[in-house]
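Once you have looked at the hints, place chain B on chain A.
The listed protein sequences derive, respectively, from chains A and B.
When the letters of the first sequence are read in order and numbered with our numbering, they come out as residues 62 to 192.
When the letters of the second sequence are read in order and numbered with our numbering, they come out as residues 62 to 192.
Rather than coming from a laboratory, the hints here were simulated on the basis of the structure.
One thing to keep in mind: the hints can contain errors.
Identical chains blur together in the list; that is why a pair holds if it fits in one copy or across any two.
Unchecked claim - Here are the simulated EDC-like pairs of lysine to aspartate or glutamate, each with C-alpha atoms no more than 20 Å apart in a straight line:
#  : residue 1 : residue 2
1  : Lys181    : Asp126
2  : Lys163    : Glu175
3  : Lys163    : Asp98
4  : Lys159    : Asp95
5  : Lys119    : Asp97
6  : Lys167    : Asp142
7  : Lys159    : Glu175
8  : Lys167    : Asp74
9  : Lys149    : Asp164
10 : Lys149    : Asp98
11 : Lys119    : Glu175
12 : Lys149    : Asp126
13 : Lys166    : Glu123
14 : Lys159    : Asp97
15 : Lys159    : Asp98
16 : Lys167    : Asp178
Keep in mind it's a predicted model, so treat the numbers as computed, not measured.
2 protein chains.
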Amino acid sequence: MAKMHHSMIRALDEARSISFYEAAFGLQPCHRMDFDDFSLIYLRNPEDDFQLELTVNKGREEPYDLGNGYGHLALNVADLDAEHARFKELGFNPRDIKQFDKDGKKLARFFFVEDPDGYKIEVLERFGHFA
Amino acid sequence: MAKMHHSMIRALDEARSISFYEAAFGLQPCHRMDFDDFSLIYLRNPEDDFQLELTVNKGREEPYDLGNGYGHLALNVADLDAEHARFKELGFNPRDIKQFDKDGKKLARFFFVEDPDGYKIEVLERFGHFA
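Here chain A stands alone, though its shape is the one from the complex (with noise of 0.2 Å):
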């Protein structure tokens, strides 16, 4: 059966992604490819199995059009007030955290971030279907 493995990014700045990643996420490059004209690095934690791909291809200068399809890579945290904190510490711009209730009990809890490239992230409570 199939199981996924990656998701891929194309990242203009492979040294400011890597550092962003490494201090939000604790992701770090576990495996590389590099080729001619561009470079694969994967990125990973110990909790995860499931990797992000950075594409870095040589020489582009001009930010990617992210479109309005793609949505965003979501994670989940134990403490989200207290991540919510570090990220605003860090200087990461984390946008208010906001809660989606149904008939007054807790369905999600959650605040968006961007990476360095604009791609959102959105940092879930391990909670509910999110845990």
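What follows is chain B alone, placed relative to chain A:
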């Protein structure tokens, strides 16, 4: 520590996307949240704790702009040739199988396919870093 939970893409036609992801990868809806203007549908298979989230905005008919930043979701499979043949038979129009080598040794073997909204998906042989 943060754990990757899902990746979200916007889809035009819920039934069409669910049908594709189930036939192609055995992913099935495991959770949904319905709101006035949109629905969120989470897909997974028994191999995965990572999920694919579909956002369906009600009444939207205009195709999404996929941009050039987001690349793909990648899944691995045990028998790449068999899956390639099966995808062809299902009319999914998979691209040709390709292989990355380095110093005469296989690094990766894969093909690409598109989902009903045109999002690229990489199907990898379960091998090496992609096992």
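Which of the listed hints are not met by the structure? 2, 8, 9, 10, 11, 12, 13 and 16
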